[in-house]
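Number of protein chains: 2
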Amino acid sequence: MPSIKVAILGFGTVGEGVYRILQEKREEIKESTGFTVDVVSILVKDKAKRRKPIQGAKFTDDIQEIWSNPEIDVVFEAIVGEEPAYTFLSEAIEKGCHIITANKKMFAKHGPALLKHAGFRNVQVGFEATTAGGVPIIRTVTNLVAGDRIKRIQGILNGTSNFILTKMRKEGSSFQAALLHAQKNGYAEADPADDVDGTDAFRKLMILSSLAFGRQPDWEDVPVIGIDHLESIDIIDASKGDLRYRHVADIWKDEKGKLQATVGPVLIGADHPLFSIDGVDNAIIVDTEYLGPLTLVGPGAGMYPTGSAMIADLLHIIRQHESVLVLN
Amino acid sequence: MPSIKVAILGFGTVGEGVYRILQEKREEIKESTGFTVDVVSILVKDKAKRRKPIQGAKFTDDIQEIWSNPEIDVVFEAIVGEEPAYTFLSEAIEKGCHIITANKKMFAKHGPALLKHAGFRNVQVGFEATTAGGVPIIRTVTNLVAGDRIKRIQGILNGTSNFILTKMRKEGSSFQAALLHAQKNGYAEADPADDVDGTDAFRKLMILSSLAFGRQPDWEDVPVIGIDHLESIDIIDASKGDLRYRHVADIWKDEKGKLQATVGPVLIGADHPLFSIDGVDNAIIVDTEYLGPLTLVGPGAGMYPTGSAMIADLLHIIRQHESVLVLN
Chain A
2 MPSIKVAILG FGTVGEGVYR ILQEKREEIK ESTGFTVDVV SILVKDKAKR
52 RKPIQGAKFT DDIQEIWSNP EIDVVFEAIV GEEPAYTFLS EAIEKGCHII
102 TANKKMFAKH GPALLKHAGF RNVQVGFEAT TAGGVPIIRT VTNLVAGDRI
152 KRIQGILNGT SNFILTKMRK EGSSFQAALL HAQKNGYAEA DPADDVDGTD
202 AFRKLMILSS LAFGRQPDWE DVPVIGIDHL ESIDIIDASK GDLRYRHVAD
252 IWKDEKGKLQ ATVGPVLIGA DHPLFSIDGV DNAIIVDTEY LGPLTLVGPG
302 AGMYPTGSAM IADLLHIIRQ HESVLVLN
Chain B
2 MPSIKVAILG FGTVGEGVYR ILQEKREEIK ESTGFTVDVV SILVKDKAKR
52 RKPIQGAKFT DDIQEIWSNP EIDVVFEAIV GEEPAYTFLS EAIEKGCHII
102 TANKKMFAKH GPALLKHAGF RNVQVGFEAT TAGGVPIIRT VTNLVAGDRI
152 KRIQGILNGT SNFILTKMRK EGSSFQAALL HAQKNGYAEA DPADDVDGTD
202 AFRKLMILSS LAFGRQPDWE DVPVIGIDHL ESIDIIDASK GDLRYRHVAD
252 IWKDEKGKLQ ATVGPVLIGA DHPLFSIDGV DNAIIVDTEY LGPLTLVGPG
302 AGMYPTGSAM IADLLHIIRQ HESVLVLN
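Just so you know, the sequences run in chain order A and B. Numbered per this note's numbering, the first sequence finishes at 329, counting up by one with no gaps. Numbered per this note's numbering, the second sequence finishes at 329, counting up by one with no gaps.
Treat the hints loosely; a few may be bogus.
The list treats identical chains as interchangeable, and a pair is accepted whether it falls inside one copy or across any two copies.
Below, a list of computed lysine-lysine pairs in the DSS-like style, where the Cα atoms sit at most 30 Å apart [as the list claims (entries may be wrong)]: (1) LYS106 with LYS96; (2) LYS50 with LYS106; (3) LYS31 with LYS257; (4) LYS46 with LYS106; (5) LYS241 with LYS46; (6) LYS152 with LYS117; (7) LYS259 with LYS31; (8) LYS31 with LYS152.
It is worth saying that the hints were derived from the structure and are not from the lab. Keep in mind it's a predicted model, so treat the numbers as computed, not measured.
Taking the hints into account, I'd like the entire structure generated from these sequences.
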């Protein structure tokens, strides 16, 4: 049975999710692809930290130990922040490994360069997990780009913000109280700044922009506003008029073909597809020439949704390489 | 420049949509895949009928004329009804052609056999357009099946029924008046029986069942109820209690692993993802082990959405055959 050898960089929530799903779905993956997938190395910061025992894989804190293994086919990256993630993935591509990343901060900035580099080296880049967690928006947009034309993408791309806005509207909570509740329930990071000031949604929008329009607008030209200045009284007042605040990231081509983008709270009415999206879900509307608006809604984060998105990337890479038939 | 030769069987709304998109997107498809796509033959019932002039392609009413051309790579089928569509597609597979179909009636029944046949002959079957028109539910479920486990699929799969229910609720129209309005606006067939009695939604559910669970339940075991017996007074009463009737096709595995399915009107509350889906849209919720519920909403029918779904299948087939790299 041919085997695919995998390294996982980072073993936080997402990295562990990837590992667990690969173990749990070992037989199904074998059956559906014809390959066993073996995790051989896991890069961690602190090798000495106590962890649940891991079958087969070896923990290491030295990236060179991973690169010295010529057998590795695919590198999963689940590190937070731009560096050393970008350097590691560039090295992985140079070694001829396919890469799969969940790192939105790194990918918003360095994604275009990584994709170009991967093209030269004939390896593939999976980045489904960078945007809207378990919602297969990257695959969907990729499929739409070739045979259709994307006019606009609008979405709730930050689950934490949406959870807080929902709580403020439904319970009249203050922003601070709703944020605290989100943190207690694991829906917000210890440092939630990027989530509530719009930066996180902005980054995901830039990733979608590269994919859908082949480029990003100048970052400085995009107004990015968070939800941290909203008062619950405003939100409740709006809802009395059957309007709701949603934190929406929005990008479209104007009549001159110029990319326009905004990120911020928007008042929307009951007919809008984003009106009913409550809680931690993400939702994205892709408006195209032929399909008209297509809406995807699902979990924007979490160990299993994000891990599952990365496994979907892996399966896609395997399937691409399986088919060695050529059109007659 | 390598060329892919295509035949289109049937030149109604859907067949013409495929033809038009292939013309309009010729350059984009060439750029993104490296192939030109040429429609060489179009099968019609009446060759003498007056039509807008067609570049390059030849109309024929003789399927043998198409099979006698050894150059054809891909056959698009947009005929209504089981036969002769099933026979034609079986012959296409036998000739070594990839097939792409929009025919839900034929595919609900003969899909499993066609897929098996295609497997033997090493050709591919695209059937995105059979279910929920432009909503990429087939691709999404296909991707989810390998690395996740689907627990349940629930959806509004018939846009005509949903349009009628929406109109009855919002305007207090009778079923008959709402149906007439749908027909006048092109949202319902001249013979709307299959749409309003639940048969059409049932067929799409069976297609999804084969894909998600590898089999279909016994057709006789599935209760199928339409919307044709509903009174507008019941619908308005329900909406006063903040409930809405939706026509829902539903399939899941019970505790014993047995497939259970129902098709019929269901009263749902404001928290349900299908509550807000008004008009001719389709919506599908896929509940999986890792992702949790993922919802897709979009146009369930129409020349361009359905044609676009078939082109997406074509692009997928081309991409599968492009990649001749093998994992190291």
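Right, here's what the structure says about each hint:
no.: 1; hint: LYS106 with LYS96; in the structure: within (23 Å within a copy, 50 Å between copies)
no.: 2; hint: LYS50 with LYS106; in the structure: within (26 Å within a copy, 58 Å between copies)
no.: 3; hint: LYS31 with LYS257; in the structure: between (50 Å within a copy, 25 Å between copies)
no.: 4; hint: LYS46 with LYS106; in the structure: within (19 Å within a copy, 56 Å between copies)
no.: 5; hint: LYS241 with LYS46; in the structure: neither (50 Å within a copy, 58 Å between copies)
no.: 6; hint: LYS152 with LYS117; in the structure: within (24 Å within a copy, 38 Å between copies)
no.: 7; hint: LYS259 with LYS31; in the structure: between (46 Å within a copy, 24 Å between copies)
no.: 8; hint: LYS31 with LYS152; in the structure: between (39 Å within a copy, 21 Å between copies)
Violated hint: 5 only; the structure is consistent with all others.
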